[in-house]
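Here the protein sequences come in this chain order: A and B. Per the working numbering, the very first residue in the first sequence carries number 8; after that it's consecutive. Per the working numbering, the very first residue in the second sequence carries number 8; after that it's consecutive.
Think of the hints as simulated: they come from the structure by calculation, not from any bench. Each hint should be verified, as a subset may be incorrect.
Since copy identity is lost for identical chains, a pair holds within one copy or between any two.
[What the hints assert, rightly or not] Listed below are the simulated SDA-like cross-link pairs for lysine to any residue, each with C-alpha atoms no more than 25 Å apart in a straight line:
1) Lys454 <-> Glu318
2) Lys454 <-> Asp187
3) Lys454 <-> Asn52
4) Lys454 <-> Arg45
5) Lys454 <-> Ser365
6) Lys454 <-> His333
7) Lys454 <-> Arg192
Nothing here was measured: the structure is a model prediction, and the numbers come from that model.
2 protein chains.
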Amino acid sequence: MVDQTATGAAKPPLVELIDALPDVEVLTDPESTEPYRRDRANDRNVAVPLAVVLAERTEHVQAVMRWATANGIPVVPRGAGSGLSGGASAVQGGIVLSTERMRGLSIDETTRTAVVQPGLMNAEVKAAAAEVGLWYPPDPASAEFCSIGGNVATNAGGLCCVKYGVTTDYVLGIEVVLADGRAVRIGGPRLKDVAGLSMLKLFVGSEGTLGIITEITLRLLPAPMAPRTVVGWFDSSAAAGAAVAEIARRIRPSMLEYMDGVSIGAVEDELAMGLRRDAAALVVARSDDRSPTGEEVAIMLDAFERHGATECFETADVEDGERYAHARRIAIPAVERLGSLLLEDVGVAIPELPRLISGVERIAAENDVTIAFIAHAGDGNTHPLVVVDLEDRDMVRRAERSYGQIMDLAIDLGGTITGEHGVGRLKRPWLVDQIGDDLLDVSHRVKRALDPAGILNPGTIFAA
Amino acid sequence: MVDQTATGAAKPPLVELIDALPDVEVLTDPESTEPYRRDRANDRNVAVPLAVVLAERTEHVQAVMRWATANGIPVVPRGAGSGLSGGASAVQGGIVLSTERMRGLSIDETTRTAVVQPGLMNAEVKAAAAEVGLWYPPDPASAEFCSIGGNVATNAGGLCCVKYGVTTDYVLGIEVVLADGRAVRIGGPRLKDVAGLSMLKLFVGSEGTLGIITEITLRLLPAPMAPRTVVGWFDSSAAAGAAVAEIARRIRPSMLEYMDGVSIGAVEDELAMGLRRDAAALVVARSDDRSPTGEEVAIMLDAFERHGATECFETADVEDGERYAHARRIAIPAVERLGSLLLEDVGVAIPELPRLISGVERIAAENDVTIAFIAHAGDGNTHPLVVVDLEDRDMVRRAERSYGQIMDLAIDLGGTITGEHGVGRLKRPWLVDQIGDDLLDVSHRVKRALDPAGILNPGTIFAA
Chain A
8 MVDQTATGAA KPPLVELIDA LPDVEVLTDP ESTEPYRRDR ANDRNVAVPL AVVLAERTEH
68 VQAVMRWATA NGIPVVPRGA GSGLSGGASA VQGGIVLSTE RMRGLSIDET TRTAVVQPGL
128 MNAEVKAAAA EVGLWYPPDP ASAEFCSIGG NVATNAGGLC CVKYGVTTDY VLGIEVVLAD
188 GRAVRIGGPR LKDVAGLSML KLFVGSEGTL GIITEITLRL LPAPMAPRTV VGWFDSSAAA
248 GAAVAEIARR IRPSMLEYMD GVSIGAVEDE LAMGLRRDAA ALVVARSDDR SPTGEEVAIM
308 LDAFERHGAT ECFETADVED GERYAHARRI AIPAVERLGS LLLEDVGVAI PELPRLISGV
368 ERIAAENDVT IAFIAHAGDG NTHPLVVVDL EDRDMVRRAE RSYGQIMDLA IDLGGTITGE
428 HGVGRLKRPW LVDQIGDDLL DVSHRVKRAL DPAGILNPGT IFAA
Chain B
8 MVDQTATGAA KPPLVELIDA LPDVEVLTDP ESTEPYRRDR ANDRNVAVPL AVVLAERTEH
68 VQAVMRWATA NGIPVVPRGA GSGLSGGASA VQGGIVLSTE RMRGLSIDET TRTAVVQPGL
128 MNAEVKAAAA EVGLWYPPDP ASAEFCSIGG NVATNAGGLC CVKYGVTTDY VLGIEVVLAD
188 GRAVRIGGPR LKDVAGLSML KLFVGSEGTL GIITEITLRL LPAPMAPRTV VGWFDSSAAA
248 GAAVAEIARR IRPSMLEYMD GVSIGAVEDE LAMGLRRDAA ALVVARSDDR SPTGEEVAIM
308 LDAFERHGAT ECFETADVED GERYAHARRI AIPAVERLGS LLLEDVGVAI PELPRLISGV
368 ERIAAENDVT IAFIAHAGDG NTHPLVVVDL EDRDMVRRAE RSYGQIMDLA IDLGGTITGE
428 HGVGRLKRPW LVDQIGDDLL DVSHRVKRAL DPAGILNPGT IFAA
């Protein structure tokens with residue numbers, strides 16, 4: 008439905024777009040476009056978009072891009088809006104191109120691949136694969152409400168990545184619509200293909216700045232063995248960090264997660280499952296290795312004990328283990344009950360983990376803010392969650408300072424400002440500090456080569 | 008040593024280069040540069056280079072590129088010269104930049120990473136990792152004589168890739184010298200990092216066309232379990248192909264290799280290990296999974312039997328299994344005894360494998376040439392080897408026609424012209440047929456953005 012009064016649809020360009028998309032819903036009135044202005048990062052600088060296009064087919068995306076190029080109008084691609092770095096914040100006078108209605112899916116058991124459209128949820132892809140005994144590994148904690156298109160656009164991670172890798176490791180092919188509206192196919196259901204530059208891997212994680220991905224060919228694996236879960240409780244974050252480092256060095260756990268006291272308490276408020284509110288840290292680890300000696304579980308228990316766990320045990324069964332994994336997965340929503348969050352995603356090499364943890368504790372104390380600390384500890388990717396009352400302007404200032412200081416700390420430790428969420432708009436100011444002027448310049452050149460007019464998601468990764 | 012007479016070193020530019028590299032060996036006389044003119048592909052169109060620079064440090068590579076940019080002179084980077092697509096063929100009036108003397112290596116057990124310089128052999132990296140109980144998986148059959156820098160430049164594969172992935176899956180960071188001489192670091196010892204465009208993955212497999220990689224941070228894994236090896240003999244290639252497809256669909260073997268009758272005979276000539284000369288195909292498969300039921304081995308044997316193997320068995324022990332893996336690894340040198348080879352590297356989705364095999368048999372018959380057929384069958388990556396007597400001009404013509412027809416066939420089957428060797432110079436004419444004009448155009452734009460003067464390995468991937 009087009010509200011002509013509110014949007015000034017009399018202007019030729021938008022009418023032209025609507026005419027070019029006769030069967031597509033194009034939202035233009037402020038009430039309809041409101042839910043499409045921001046993602047889960049709650050970027051406070053979002054604009055009101057000119058229109059939201061609910062594309063259903065690749066041709067629709069092509070029509071939008073041809074029109075946008077002809078008129079020099081920015082386009083922000085949007086999956087499920089679950090992004091945590093403001094990569095889908097609407098920009099002034101721009102189009103939000105939602106892929107939520109592009110939900111095609113087919114699975115080929117003989118090549119063990121899935122061909123999916125971007126609007127499916129990650130969990131839907133997993134479920135469809137599981138129905139035929141196959142497995143799509145990447146598992147962001149938000150699997151139920153994040154889209155596979157967004158996963159590819161951000162090269163999303165998750166809990167199993169410590170052993171099974173991230174999204175890019177499972178993308179065999181894509182169809183992508185370029186800035187000028189051409190649709191290009193790259194890769195396909197081949198496990199090895201080195202014909203030409205690896206444009207495939209370049210598009211993965213490009214956050215909609217180089218093109219809009221309209222179809223994805225995913226590699227699937229046979230279903231994994233049921234995991235064994237080991238739990239360790241610690242009365243100091245340093246001890247927990249040391250145990251994590253030892254496990255990561257010796258074996259390949261299929262999950263190695265960390266929660267601090269704040270997040271333990273928040274999750275216990277939610278689930279009342281008997282988590283220890285007095286603990287400083289909880290480590291939840293898994294093994295799906297089936298060596299006859301069961302040695303991975305033994306190594307994990309041994310590491311917990313030697314680093315002073317106050318308690319550690321293997322869970323009774325798969326279901327009991329799943330309760331602890333679930334506790335970790337709902338940590339962000341649980342901590343959100345304490346206030347609005349500035350969500351971090353910093354990562355360091357494993358041996359630097361204890362220094363990152365203690366540094367964040369110091370930053371919290373110095374700025375007088377609460378920072379919950381959860382982590383995909385096994386790959387050094389952490390989520391400090393800065394809790395903030397948005398009505399309290401001084402607290403907002405202190406929280407924002409903490410947010411920047413945590414990224415500065417990660418960079419000082421040789422780490423990254425984002426392990427799996429993406430740079431988006433919120434982390435862009437810190438990007439150059441991490442990668443340096445020269446690499447940013449090279450990246451800019453690639454951006455300009457593919458999007459010379461700068462209409463693809465301006466402000467994300469690169470300054471608008 | 009500079010032979011001033013032979014090279015015309017009086018010309019200012021080359022003198023300038025030599026002056027800029029006081030401690031570096033720069034070869035200019037034809038005798039010294041001869042071994043650096045071609046790689047293992049035996050490209051017949053190689054030129055005489057202006058000079059060969061034996062760089063020892065990143066600064067040397069930078070000096071070469073600054074000079075090359077200032078003077079518009081092409082630079083061909085060269086690892087160990089084991090490339091099979093002519094990616095290191097010398098170009099007229101250009102520099103060959105050899106990284107063979109850049110051999111630094113350090114391993115960090117706590118982050119389970121290796122930092123290596125490009126001149127080390129793949130096998131040397133593997134051996135250094137193994138010394139501390141770690142494992143670098145990618146294993147080209149040429150591991151003993153291919154450099155890790157070349158592996159990264161071509162995104163090399165190998166036998167274990169069917170389960171453990173290819174080179175790009177293990178590259179966490181690089182230092183790369185750009186066309187203008189700037190050295191840039193990308194990535195580092197972090198398992199997850201999505202800060203900015205994935206320039207890292209773009210440089211991997213770019214065959215020296217975007218920059219020259221001078222240092223690599225590699226991810227290592229804990230040492231794998233000793234594998235169990237299963238062998239199947241077949242009297243038809245179709246039956247063997249069907250068995251491979253079934254195994255690849257049901258489980259994740261750690262190796263799944265194929266040899267045809269020609270290559271079996273050639274290897275038996277070499278090893279006299281008792282291979283069956285009357286067989287049409289040999290499949291060598293491995294499992295390093297340790298499920299208590301040993302089910303992977305049972306599934307492989309079952310697949311062999313159900314698809315009519317004339318004989319199949321699990322080898323007696325690890326050493327016996329290694330004999331069969333070795334037989335497969337030496338297949339290319341063994342077939343080389345029959346004549347010069349035009350080496351193919353085409354790949355298809357597994358279900359198309361039987362059609363690729365029968366198509367190559369047809370091409371061999373129609374052109375009256377011998378084509379041996381070996382394959383990393385489990386990932387659909389095959390190496391038809393066209394045997395040719397270079398003195399027989401008619402046979403050369405028929406062999407070259409076969410070489411092109413095999414790539415055409417792979418493209419018709421939805422496959423790739425190169426799974427792991429790279430496009431180089433020899434496969435460039437077919438690249439556009441596989442990836443299409445639009446994707447080639449996009450790739451060209453990226454190339455021009457990073458190498459505007461076109462001095463980096465001209466003729467490889469992109470027309471000079």
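Requested in this report: Tell me, in ascending order, the numbers of any earlier hints that this structure violates.
Outcome: 1, 5, 6
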